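Asker: Listed below are the residues making up each chain.
Number of protein chains: 2
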Amino acid sequence: MLRLTFLGTSASIPTVERSLPAISLRGKEHYLWDCGEGAQRQMMRYRVGFGSIKAIFISHLHLDHFLGIYGLIETLRLSSSSVQQLKIFAPKRFEELLINKWDFLEVQEIKPGLLLKDSEASISAFRVVHSKESFGFIYAEHEKIKFHEAKAHGLGLRGAMFKEIQEKGHVKIGGKKILLEDVSWKKPGLKVVYSGDCVSCKSTINAAKGADLLIHEATFGSGFEKEAIERNHSTAKQAAQLAKEAGAKKLILTHLSGRYKDAKSLLDEAQKIFPNTSIAEDGLNIELR
Amino acid sequence: MLRLTFLGTSASIPTVERSLPAISLRGKEHYLWDCGEGAQRQMMRYRVGFGSIKAIFISHLHLDHFLGIYGLIETLRLSSSSVQQLKIFAPKRFEELLINKWDFLEVQEIKPGLLLKDSEASISAFRVVHSKESFGFIYAEHEKIKFHEAKAHGLGLRGAMFKEIQEKGHVKIGGKKILLEDVSWKKPGLKVVYSGDCVSCKSTINAAKGADLLIHEATFGSGFEKEAIERNHSTAKQAAQLAKEAGAKKLILTHLSGRYKDAKSLLDEAQKIFPNTSIAEDGLNIELR
Chain P
34 MLRLTFLGTS
44 ASIPTVERSL
54 PAISLRGKEH
64 YLWDCGEGAQ
74 RQMMRYRVGF
84 GSIKAIFISH
94 LHLDHFLGIY
104 GLIETLRLSS
114 SSVQQLKIFA
124 PKRFEELLIN
134 KWDFLEVQEI
144 KPGLLLKDSE
154 ASISAFRVVH
164 SKESFGFIYA
174 EHEKIKFHEA
184 KAHGLGLRGA
194 MFKEIQEKGH
204 VKIGGKKILL
214 EDVSWKKPGL
224 KVVYSGDCVS
234 CKSTINAAKG
244 ADLLIHEATF
254 GSGFEKEAIE
264 RNHSTAKQAA
274 QLAKEAGAKK
284 LILTHLSGRY
294 KDAKSLLDEA
304 QKIFPNTSIA
314 EDGLNIELR
Chain E
34 MLRLTFLGTS
44 ASIPTVERSL
54 PAISLRGKEH
64 YLWDCGEGAQ
74 RQMMRYRVGF
84 GSIKAIFISH
94 LHLDHFLGIY
104 GLIETLRLSS
114 SSVQQLKIFA
124 PKRFEELLIN
134 KWDFLEVQEI
144 KPGLLLKDSE
154 ASISAFRVVH
164 SKESFGFIYA
174 EHEKIKFHEA
184 KAHGLGLRGA
194 MFKEIQEKGH
204 VKIGGKKILL
214 EDVSWKKPGL
224 KVVYSGDCVS
234 CKSTINAAKG
244 ADLLIHEATF
254 GSGFEKEAIE
264 RNHSTAKQAA
274 QLAKEAGAKK
284 LILTHLSGRY
294 KDAKSLLDEA
304 QKIFPNTSIA
314 EDGLNIELR
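Those protein sequence lines, which keep their order, are chains P and E.
Following the numbering used here, the numbering of the first sequence begins with 34 at its first residue and continues without gaps.
Following the numbering used here, the numbering of the second sequence begins with 34 at its first residue and continues without gaps.
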């Protein structure tokens, strides 16, 4: 199971209703995608424990996507006598911007591809078109091996043999070799994709292929296509077209310009193209299984 | 008139109820004392316009007192095509920490004494004992000249002569010299003093002499005197004793540790010594005349 909490959903400038970008992902481990100003207080407000965060992923080096990391670092340092290692994955040169560097921090430059793997899932980055070094992220649970239990038992598999066959790919029972693929099938894991800030681009389509959930920016709505292109952002409609093309199962729009007090117009234009669309708001919790 | 708005009243770490230190002062001009993380959003929440800020004063270089300045700078830059000059008064080395430096910013190192003067008031700094370079601030309205109107009219003062006598100190009417002090009195201006973070110290007593309002930190309450000394902070009782000794008219306690969910115990211990004490909370508005 993966729990997502939207901690901030505004673009560039916060509003009274929307804080700056940050998404908490709690599966086996706890991660953050982006960490805008105020993220630590949003975590308190929405009861997302911050002491457990294993890694933070910064999509690009615009201040609204990473300023909150400084305050969070101080709070971790001050509020615990035994603060755990915290990894920060960020674009090139983030370390020069880190004004409070402590031993428990480990900064790693983002390059496209696999960034991190835990026992349940991996997180990878892909390039998107926005500012110089801008990335989107993929959270992908590992495939799980599921046994055709009746068949496996019928062939004599018992107890520890299930572990053995998963490790070796086969077991021998009474001189007969039984292959893993003969008694099992692979259940795909959840896949959640986050666009970061970007124009609607091919790399996001590729990344989002068959995703259970695509979280895409929608800074603008219809009528602002020119601004969206000029500033390397997307409209709600473009995000919906992308989700459709990628065959994603669900789309959540975030990173809304402050001009959309009521996001219904964005929702309407997106749902015409991709019906299973929602608009993120601060505190929105999603549980995926 | 001076309007004060407490934008953040927590110490070191924010809570759901209290954001990090920042106080808006709106007299003739608009100033900020400290600018903790989230200050810009607090200004939106409490309807304190941020486009009008002329100067920000950072009491010391602990992150909880200045992180909000980065986000505020970005918002000023993005939200207006003609952003006005913004002065930042901060302790030595702040400029090295400023990751987003723009032409409209002017950073000035704080040294004790007068920092700024507008047509209505001046702001000065005084050293306090906390971290290496730590300051408190004094907002002092200029004295106003008030005329004994009947007397002045009786001596023949009319129209433009009131301006002339204020500028020269005297006017001549029918060959007779009339001195300003004979027809006027000086009305002292408002004085508001902010301690920043500090142990209870002599310099704050001196600064707060006869102040209309003393805003003093009260990170701790009774029973934490040892911690207060170790960490160079004050207890509510110590702040009250200081206010009494200085002869301040009113005391507001701020910068409360997160352990005081209900600040009543702090209020009680302070009011026993200095009855005209209040506890600041986020959004508290004070109008002084």
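Calculated directly from the structure, the hints in this document are not laboratory data.
Be careful, since some hints might not be right.
Copies of the same chain look alike in the list, so a pair counts if it fits in one copy or across any two.
[As the list claims (entries may be wrong)] The calculated BS3-like cross-link candidates involving lysine-lysine, where the alpha carbons are at most 30 Å apart (straight line), are:
no.: 1; residue 1: 179; residue 2: 297
no.: 2; residue 1: 219; residue 2: 294
no.: 3; residue 1: 179; residue 2: 210
no.: 4; residue 1: 120; residue 2: 179
no.: 5; residue 1: 259; residue 2: 179
no.: 6; residue 1: 297; residue 2: 125
no.: 7; residue 1: 220; residue 2: 294
no.: 8; residue 1: 87; residue 2: 210
no.: 9; residue 1: 134; residue 2: 277
no.: 10; residue 1: 209; residue 2: 120
no.: 11; residue 1: 87; residue 2: 209
no.: 12; residue 1: 294; residue 2: 87
no.: 13; residue 1: 125; residue 2: 294
Treat the numbers as computed from the prediction; the structure is a model and nothing was measured.
Asker: Which earlier hints can't be squared with this structure?
Answerer: Those not satisfied are hints 1, 2, 4, 5, 6, 7, 8, 9, 10, 11 and 13.
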